[in-house]
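K.L.:
Turn these sequences into a full structure, and let the hints guide you.
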Amino acid sequence: MRKSLNGIEKIFITRLKFMGDVILTLPVVHNLKRAFPDASITYLAAKPYHQLLFHNPDIDKVIGFDLENISQQFPVISSLIKNKFDIALDLFGNPRTAVLSYLTGARIRIGGDFRGRRIFYTHRINNNGLNLSSIDFHLNYLKPLGIEPEFTQPKIFISSEERLWAKEYLEKIKFNNKPIVGIHAGATWPAKKWHASRFGELARMLMENLGVQVFFTAGPYDIDLVSKIIKDYSLDVNTPEVLNIRQLCSVIERFSVFISNDCGPMHIAPAVGVPTIGIFGPGRPDIWFPYSEEKGHRAIFKTLWCSRCGRDFCDDLKCMDAVSTEDVYNAASEILEKNGKKE
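So in our numbering, spot 215 of the sequence shown is number 215, and the numbers just go up one at a time.
These are calculated hints, taken from the structure and not from any lab test. Predicted model only: the values in this text are computed from it and were never measured. Treat the hints with caution; some may be incorrect.
Derived DEER-like restraints, expressed as beta-carbon distance ranges [unchecked claim]:
hint: 1; residue 1: Ile223; residue 2: Ile81; range: 29 to 37 Å
hint: 2; residue 1: Lys143; residue 2: Ile119; range: 32 to 40 Å
hint: 3; residue 1: Arg118; residue 2: Lys167; range: 28 to 36 Å
With a cut-off of at most 25 Å between alpha-carbon atoms, the simulated PhoX-like pairs for lysine-lysine come out as follows [stated by the list, open to error]:
hint: 4; residue 1: Lys33; residue 2: Lys82
hint: 5; residue 1: Lys167; residue 2: Lys10
hint: 6; residue 1: Lys302; residue 2: Lys318
hint: 7; residue 1: Lys178; residue 2: Lys167
hint: 8; residue 1: Lys82; residue 2: Lys10
hint: 9; residue 1: Lys84; residue 2: Lys33
hint: 10; residue 1: Lys47; residue 2: Lys143
hint: 11; residue 1: Lys295; residue 2: Lys167
We put the beta carbon where it would ideally sit given N, CA and C, even for glycine.
P.N.:
Spelled out as structure tokens, the structure:
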């Protein structure tokens, strides 16, 4: 198809949500810009996840879509219709994004081969049951364009002003120049949460044995969980606070290691260049942790008879029981030793 793609001026991309999913589409954006360097790329994502795309040199316009306020959606839809895009990539594939892609008027519309939505696309992608990493899955959407994609890691871009804010913020809450290990003990789904007690044990071991500082990140529903961990283990750490997405990205960038359950913030750390330890239970690290050990990243999980069930809720959680505090502590120690400690 490459011969028929001359004169491509405007490209529309959408992955409506969630945090990790939006981050994992960034290699698609980079490959599109590489293939069409003169084209303008517009990316639509739900608020507040659109903030992850700020300052990205491959994206010319970021649209934040308000899922809660219908009146604010109409101007966005009107803008899409008027812009007359040449290519539309729907990397989400729900009914809303299928219609939005259609309304762009793009002559090439690429989306998933889903029943009821396939009619809105000119080219449909079916992974045929292949077990692809989330990055490779999204890169498949470039095939109808004749693009041979380069596998690249997602990258979130932090401005100099944001870096200064993060430095001053950490100083304000009494963090010094010693290395910082970030910990995210929350997750959207209960089955993806490692035991709170083990996060407490881990934090204490890291501070007492390695002399590092520990920073607990927290989402809106994690405050009580993190506060209890801090209280139960008498940890001299930061009071948990919900930072906005840009603040969270800029603070995580200053960590030496980030330890997280399988959730959105886990994907921020690799995208800002921080070695990351992902703790997996029912999830699939082969799909959702496409990050290289050569870059210092580690997925911690145990293979059991029930592994990779993909459940969001579970009364048993033997998979999480099997991941010991020592497993995660040893991985963090090795990463700090091998990659050095940001100071």
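K.L.:
Indicate, hint by hint, whether the structure satisfies it.
P.N.:
Verification of the hints:
no.: 1; hint: Ile223 <-> Ile81: 29 to 37 Å; result: violated (42 Å)
no.: 2; hint: Lys143 <-> Ile119: 32 to 40 Å; result: violated (20 Å)
no.: 3; hint: Arg118 <-> Lys167: 28 to 36 Å; result: violated (49 Å)
no.: 4; hint: Lys33 <-> Lys82; result: holds (22 Å)
no.: 5; hint: Lys167 <-> Lys10; result: violated (38 Å)
no.: 6; hint: Lys302 <-> Lys318; result: holds (9 Å)
no.: 7; hint: Lys178 <-> Lys167; result: holds (13 Å)
no.: 8; hint: Lys82 <-> Lys10; result: holds (12 Å)
no.: 9; hint: Lys84 <-> Lys33; result: holds (18 Å)
no.: 10; hint: Lys47 <-> Lys143; result: violated (29 Å)
no.: 11; hint: Lys295 <-> Lys167; result: holds (24 Å)
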